[in-house]
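*Asks:* Listed below are the residues making up each chain.
Protein chains: 2
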Amino acid sequence: MSPSSSTSESSDTPDLGGLGEFGLIARVTRDRPPSASTLLGPGDDAAVVAQPDGRVVACVDVLVEGVHFRLDWSRPEDVGRKVVAANLADVAAMGAAPTGLLVGLVAPADTPVATLEGLADGMWAEAQVVGVGLVGGDVAAGPALMISVTALGTLEGREAVLRSGARPGDQVAVCGRLGWAAAGLAVLTRGFRSPGTVVGAHRAPEPPYAAGPAAALAGATAMIDVSDGLLADLGHVAEASGVGISLERKAFEVPERLVEVGAALGVDPMEWVLTGGEDHALAATFPAGAALPEGFTPIGLVVEGSGVTVDGEEYAGGGGWEHFTPSQHSGGTLAP
Amino acid sequence: MSPSSSTSESSDTPDLGGLGEFGLIARVTRDRPPSASTLLGPGDDAAVVAQPDGRVVACVDVLVEGVHFRLDWSRPEDVGRKVVAANLADVAAMGAAPTGLLVGLVAPADTPVATLEGLADGMWAEAQVVGVGLVGGDVAAGPALMISVTALGTLEGREAVLRSGARPGDQVAVCGRLGWAAAGLAVLTRGFRSPGTVVGAHRAPEPPYAAGPAAALAGATAMIDVSDGLLADLGHVAEASGVGISLERKAFEVPERLVEVGAALGVDPMEWVLTGGEDHALAATFPAGAALPEGFTPIGLVVEGSGVTVDGEEYAGGGGWEHFTPSQHSGGTLAP
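These protein sequences, in sequence, are chains A and B.
Going by this note's numbering, the first residue of the first sequence is number 782, and it counts up by one from there.
Going by this note's numbering, the first residue of the second sequence is number 782, and it counts up by one from there.
Next up, chain A with everything else stripped away, as it sits in the complex:
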């Protein structure tokens, strides 16, 4: 549609303004692997995805450059993986398996095409971890890089595992990493780039996707994805269920690497474990006596009452991230 479309590919450093909307879409959708659940992929007014049990699980996550990620701290591939991972973890937290992804992308016209290809590569790579496709999307010009991802999933005939089902006496358990992404962000915030394990955890989490359906099959009564921090997210479960949650500090084995990083930065690593978001662990409650699925570690009990305690006391540290509150924007750090 634009005279520049035909010439941009020969430019040395093509940007989005040169490639154009349709050129970009063609580039980032070309030669991608097929997915069994994608009945109709990108290119029409809408996509069609198989939802065999007659229901679709759906959620959306938005990432904004400078707020959720910095391209001097993360490669575009990492950002693409991260936004998809955050969303797939939400699907897993319902006890569901993903079936497809859609992307809404806003980018300035001077965004290098390589950045957008990297983003798309990262999104496709994370989608491939669970065998789904990017089935559709929309691209628009705007003042900053913003990525909105919608994930679709299937409950495979099961009931959804809600936040509201925890009952006094239930076991509380967690699967996946806690505190690694927060430690990585603390390292980056102070100007360091290593150790790579924690920095990598901030850049692209590795949620335990399969643990979501496994927890549902094991009878989980409630489940949540840890995106804002374990205490904050278990607080959501406690509130939705009308219960209290009592955690035991000794149930948490703080990984050696977090102990080392904490010592180097003068931070109690337990703070990262209890309040750091973005690793997208799954926290769930199970009936007393139920065998926990592989990968889940017991960390406490559901009790009568309200709120979340650690060793019987309210934890003195932070309570998770909330967008738009002034206290969140004074530290020069990033949102989960």
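Honestly, I wouldn't trust all of these hints.
Claimed, not checked - One side only, chain B facing chain A, incomplete, derived with CB under 10 Å:
1) Asp-902
2) Val-916
3) Ala-925
4) Val-1048
To be clear, the hints were calculated from the coordinates, so they are not data collected in a lab.
Glycine included, every Cβ here is placed at the ideal spot set by N, Cα and C.
Put chain B on the given structure of chain A with help from the hints.
*Replies:* Same frame as chain A, but now just chain B:
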């Protein structure tokens, strides 16, 4: 979560920074009407929507302040209606009926809460036109107001109507308004605020949603939502189908109101009819001899060849909008 959350509601002119993320979500999801297809609405990690035939139709649309809308030209309610309408029209263009909507919202912290409530009211109002709900979403801080809407839909057991099914000999027909939104934008761009009918058409389109499934039932071979302009969008059908499309100028009855506005602004109103997007009419092709569903007007024929002609010639006017191309950003106008 923030100390300011509890006090913000008493402020005279509350903004998002005062209300906070969770406060906003509570405000805009409170007391909304139920929808039959919403099995689980906002408040958990993901929503659950009924998709009775075992498939979901899904698409996403993004609107950016200053690019797609201006809040001095449109009320927040109009913008909310518009982004939902654009997306529901995509669902209709597959021959599907909508089942639910999800919203990803990015907004600066100083955005007035009233603006966001207006946006939400508009989105809910348009959703109510088709009887669905806003089932989930995400809200984040960012440098500009950006709204990403995902629409879900059901084919009700039918095959999807693709862009690629048009065959030589098919009738080409359109249902819904053409050129009204473009005339409204032309009026606003020149500093006027009336006539209200065309300005209103720019602010909030009224797509013929029910015509999508009706066209599918009537045997439509291809269909598209007119978002970029009739010629551009029929061009997509022609390309996807490997055919040409031959339109007849005399088949279009230019509405009196567009003739008047065109005369006042010195514009041939046929330009708006043929190249103006955003009214979200549905353009479809039907087998020769098939009875057109109510509301569809025949405008031409599918032919061997390629491209779209008007009275046998390539139309000299513009060919629709493409994001990021330099020519689109010199006129101080808005993207569809």
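*Asks:* For each hint, tell me whether it holds in the structure or not.
*Replies:* Evaluation of the provided hints:
1. Asp-902: Result: violated, 20 Å to nearest chain A Cβ.
2. Val-916: holds (7 Å)
3. Ala-925: holds (5 Å)
4. Val-1048: Violated, because the Cβ-Cβ distance from Val-1048/B to chain A comes to roughly 21 Å (cut-off 10 Å).
Of the hints listed earlier, those the structure fails to meet are numbers 1, 4, in rising order.
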